[in-house]
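For the record, the sequence lines run as chains H and P. One point on numbering: in my numbering, the residue at position 48 of the first sequence is 48, and numbering is uninterrupted. One point on numbering: in my numbering, the residue at position 298 of the second sequence is 298, and numbering is uninterrupted.
Don't take each hint at face value.
Where chains are identical, the list cannot tell them apart; a pair therefore holds if satisfied intra-copy or between any two copies.
[Stated by the list, open to error] Taking lysine-lysine and the DSS-like style, the derived pairs with C-alpha atoms no more than 30 Å apart in a straight line are:
{"no.": "1", "residue 1": "K93", "residue 2": "K326"}
{"no.": "2", "residue 1": "K159", "residue 2": "K93"}
{"no.": "3", "residue 1": "K213", "residue 2": "K159"}
{"no.": "4", "residue 1": "K304", "residue 2": "K93"}
{"no.": "5", "residue 1": "K338", "residue 2": "K300"}
{"no.": "6", "residue 1": "K3", "residue 2": "K93"}
{"no.": "7", "residue 1": "K213", "residue 2": "K292"}
{"no.": "8", "residue 1": "K338", "residue 2": "K213"}
{"no.": "9", "residue 1": "K3", "residue 2": "K156"}
{"no.": "10", "residue 1": "K166", "residue 2": "K326"}
{"no.": "11", "residue 1": "K304", "residue 2": "K213"}
{"no.": "12", "residue 1": "K300", "residue 2": "K225"}
{"no.": "13", "residue 1": "K326", "residue 2": "K156"}
{"no.": "14", "residue 1": "K12", "residue 2": "K129"}
{"no.": "15", "residue 1": "K12", "residue 2": "K191"}
{"no.": "16", "residue 1": "K324", "residue 2": "K213"}
{"no.": "17", "residue 1": "K304", "residue 2": "K40"}
{"no.": "18", "residue 1": "K324", "residue 2": "K159"}
{"no.": "19", "residue 1": "K159", "residue 2": "K181"}
{"no.": "20", "residue 1": "K225", "residue 2": "K159"}
FYI, nobody ran anything at the bench for these hints, they're computed from the structure.
There are 2 protein chains.
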Amino acid sequence: MYKNNLILQALKGDITSQIPVWLMRQAGRVLPEYRQTRKKAKNFIEFVKTPQLAAEVTLQPVDILNVDAAIIFSDILVVPEAMGLPYSMAEEKGPIFQNFIRSASDIQNLKIAHTDQYSYVIEAIQLTKKHLNNRVPLIGFSGAPWTLFAYMTEGKGSKTFSTAKKWLYSNPSESHQLLQKITLSIINYLKDQIKAGADVIQIFDSWAGVLNKSLYQQFCIPYLKQICNEIKEVPIILFPKDGFFALQDIQQLNYNAVSLDWTIEPEWVIPLLPNKTLQGNADPCLLYANEKTIEQETIKMLNKFSSVPYIANLGHGLYPDIDKEKVRFFIDIIHNFKR
Amino acid sequence: MYKNNLILQALKGDITSQIPVWLMRQAGRVLPEYRQTRKKAKNFIEFVKTPQLAAEVTLQPVDILNVDAAIIFSDILVVPEAMGLPYSMAEEKGPIFQNFIRSASDIQNLKIAHTDQYSYVIEAIQLTKKHLNNRVPLIGFSGAPWTLFAYMTEGKGSKTFSTAKKWLYSNPSESHQLLQKITLSIINYLKDQIKAGADVIQIFDSWAGVLNKSLYQQFCIPYLKQICNEIKEVPIILFPKDGFFALQDIQQLNYNAVSLDWTIEPEWVIPLLPNKTLQGNADPCLLYANEKTIEQETIKMLNKFSSVPYIANLGHGLYPDIDKEKVRFFIDIIHNFKR
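Pulled out of the complex, with its shape left as it was, chain H reads as follows (with noise of 0.2 Å):
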């Protein structure tokens, strides 16, 4: 079905003999092309919002980088707009919203998105599609519920997310009122973009990590079961960002990958997550290192995750200063690794 088919083997359970690469924010700001690109919108929201812009830098690194997939660009906060809570993105401060989740009543006036909210990213889809003719698969995405779910209490990023955890400590019914309203708006979100030809479907679950095993079984693991029992169409892969703890629950759900950051030790988490597959793990920081050093550490990232299927990444999104030919090299050797 592709030319490069090698994702949605990897994806299958297969150990393919090349191991497929793509990498977080690989459409972004570490490509000058990119950069060149987003001069064309007037601020961040209305690039997202612009489906040929879209799909430009969606095309960029397939052709740039030789990644074995495209990952649609956007936002994870077009599923909170698309309820209802317009933001704003700052430059350098992150997101802000104009209004946020501050009472119950707050979340009877969400709307549960629909097709209409958010079409954008539709048209986006099938645009880029169309223009990458069957060379690689595209990836659709969406926050996890949780990760929405701070961002929509907290009303801005946060180190800590106390506000949005302050609501599942002293309010977890109405959190988890909220929670499925963002579920069954991620879900509709999800299966649209399949229809509009998404071949696999990653899970950001980016602010895991300020929980812990108890508020991820009660607040994040029913959420994630009722997503990945519903798209059943396509391979499905979620992050659990520094969620270590979670890995033993995640393991019992239905996704066929789980995407790694660099704090978890390959020798560990291995026998954690049988017939999964395995994505990750490279820290973005190596690619600040010289070329000896990035070769010696993917080198060993590679070997450790070799007898399992795999696909390689990195454990976070690439940093806008990193230089675009690191990211070259770096993708080149896992390309020439012989497994």
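Since chain H is already given, all that's left is putting chain P on it; use the hints.
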């Protein structure tokens, strides 16, 4: 020696019949009394540098919260400042260094901190000891070498500390030089705190969590080892926040106790850290909950740590908007717990 000796007993390895407790950031904005005293200084740095005020807020939680130890009110950035990098503290935004380490020559220009540069902390300890009048022990502290390095190279707070980590990956030998200078400064600082009367030392490795096992082994363990091998006069506690991956290596070091964040499961850590006193690890956000939930979760924690030498604490500092009455309630549950 002290009317209340519980913490020192627990640090010796005793399973005390009453469980001792103190809280990170107990001398802080959670107390209205602290906020009153804080007004007497024109900014945070002046506040930290005024021994009378620092001693005043150090004593407050002993009287008001009934904790089993005082911890000297100060800031981990006293050491970088003493080495030659002054900083300011922007409310809500955290520390900003006017100059920070950008080159190898900047490292050469740094001093090893000596008594003269941090005498205000030493005076604050002497004053506090006098007023404490042997009621409870006094904890002195320092940031860990990596955590201070992180601020000194990043120049400010960060979610990722990617600039600091860039140093480790791209300039490992200069990074070691800087870490060594910081370590020698910390040792001077701690020795002086102990001479002034500190009965216990805690090392805060607040940014352990952005590293991984291999980086921690290379850039943290050797310096943490120097520190614990030099500080033989009093018990010493290490708090490697979010550093679950480092605990096996920390077990090998001569720290009497390890302070744990809330992501660490007692069942998992107890066999990993035999012969260490454990400290922690309630999620500070638990104190946003109602009394019933606070009681249930606290008792659960106490039962889980009940079989080992143990000091109850939070898994991180108190948040400023936590209700002081909830803090007292939490402490009372711990004191009333029958082991």
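* To do: Output the numbers, in ascending order, of every earlier hint that fails for this structure.
  => Violated hints (numbers, rising): 4, 6, 9 and 17; every other hint is consistent with the structure.
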